[in-house]
Amino acid sequence: MQVGLYCRRAGEDAGATEGIMHEMGIANSVLEAVRTEMIRHPGMYPCKVGVRIGEMSAIDQDALRFCFEAIVRETDLESLELAVEICPLRYRCPACERDFVVRDYDSRCPQCASLETKCISGDELELAYLEVEEYGASTVGTKSSQ
Amino acid sequence: MERVPLERKVLSENDRIAAELRARFQEHGVLCLNLISSPGSGKTSLLERTLEALPQHDRVAVLTGDIQTENDANRLKRFHFPVKQITTGGTCHLDARMIERHLADWKLENQHLEDLDLLLIENVGNLVCPASYDLGEAAKIVVLSVTEGEDKPLKYPSIFFKSDLLVLSKIDLLPYVPFDIDAAAENARKVHPGMEIVKVSCLTGNGLHEWMLWLAERRRAYKPLLQDTASR
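Residue numbers (numbering that gives the first Met the number 0), protein chains in the order written: chain A, 0 to 145; chain B, 0 to 231.
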């Protein structure tokens with residue numbers, strides 16, 4: 000699903016970097032957060048940034064990677080790796096006090112078949128973590144193969 | 000190597016502005032609704048019929064978003080309610096900052112939030128990206144026309160998941176298109192159990208009564224925080 004990619008140009012109204020387009024704006028926001036965080040880690044460089052994307056977030060992982068790689072290319076953050084964790088749609092049954100992953104949109108409680116279940120996660124679009132390394136460590140400038 | 004937890008939303012800046020807008024809407028007792036659909040599903044037609052049906056003294060305004068042109072605003076201005084066009088110049092969705100900026104411009108034109116009860120936002124035609132951007136609205140409404148295919152809720156689940164109401168539009172075309180309206184409703188409720196659905200034709204007026212009832216009920220149920228002190 001490459002739908003997000005057709006949204007290309009920045010408009011006059013799009014003041015915030017996140018307003019430029021969909022996945023491109025998201026990728027920009029991620030990089031901005033990395034740069035902001037790095038101010039607090041002098042003498043170090045970022046190697047990996049972790050984001051969480053919910054199944055219901057309307058974010059396409061491939062489109063996000065494409066945008067991310069495009070904007071870090073030939074910058075000081077070229078070696079920064081993007082780690083994406085996809086979060087499934089999860090519901091909770093209040094009667095059974097049970098959480099379960101919803102597949103094929105079937106939100107019935109697998110235990111009691113109740114439809115009175117509530118969505119608890121699945122539309123995440125979150126920055127999870129940043130991995131930083133001291134300059135001079137052996138992996139400087141190369142992408143981690145792990 | 001050190002792992003630093005970040006734990007915040009990617010769109011935290013948009014969400015921050017949206018939260019401010021939501022607080023302002025509540026403070027002034029303005030019910031804000033965000034209409035989302037593919038291009039050409041009939042958002043503007045639905046708004047035309049809505050404005051046409053509302054009494055002239057009603058405290059209603061419209062913000063309408065498009066990539067280019069003032070066409071929609073010109074169509075909607077005929078009904079003599081305040082209407083403002085947001086042209087994004089390429090951006091495929093509205094974001095909270097655009098809403099904030101246009102409300103500020105409106106204020107300069109002496110149009111104030113406190114003079115409103117209902118703000119209708121027509122998003123840019125797009126079934127994907129607008130789902131990610133909170134505008135501070137009380138509810139999202141998704142419009143799906145019968146020429147689009149009944150599996151759209153399954154293909155684009157996010158917006159159906161996040162919307163309170165599905166408006167199935169252009170039902171006057173049902174005899175001419177292979178659209179299974181029950182399957183469409185079922186698919187929408189698969190993604191969003193209990194989702195409210197109205198079926199309308201802006202051409203014949205069929206179903207508009209149900210839509211207006213839904214709107215009236217949402218307005219009635221919306222409890223502004225400052226109801227007692229709001230000027231009458």
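Derived from the structure by calculation, the hints contain no laboratory data.
Treat the numbers as computed from the prediction; the structure is a model and nothing was measured.
Just so you know, not all the hints are guaranteed correct.
Claimed, not checked - Partial pick of chain A residues on the chain B-facing surface, computed with a CB cut under 7 Å: (1) Ser28; (2) Ala57; (3) Gln60; (4) Val101; (5) Tyr104; (6) Glu125; (7) Leu126; (8) Val131.
Claimed, not checked - Mimicking BS3-like on lysine-lysine, the simulated pairs with C-alpha atoms at most 27 Å apart in a straight line are: (9) B:Lys189 to A:Lys117; (10) A:Lys117 to B:Lys154; (11) B:Lys154 to B:Lys76; (12) B:Lys8 to A:Lys47; (13) B:Lys198 to B:Lys154.
In this text, a Cβ means the ideal position worked out from N, Cα and C, and glycines have one as well.
Which hints, by number, does the structure contradict? 3, 4 and 11
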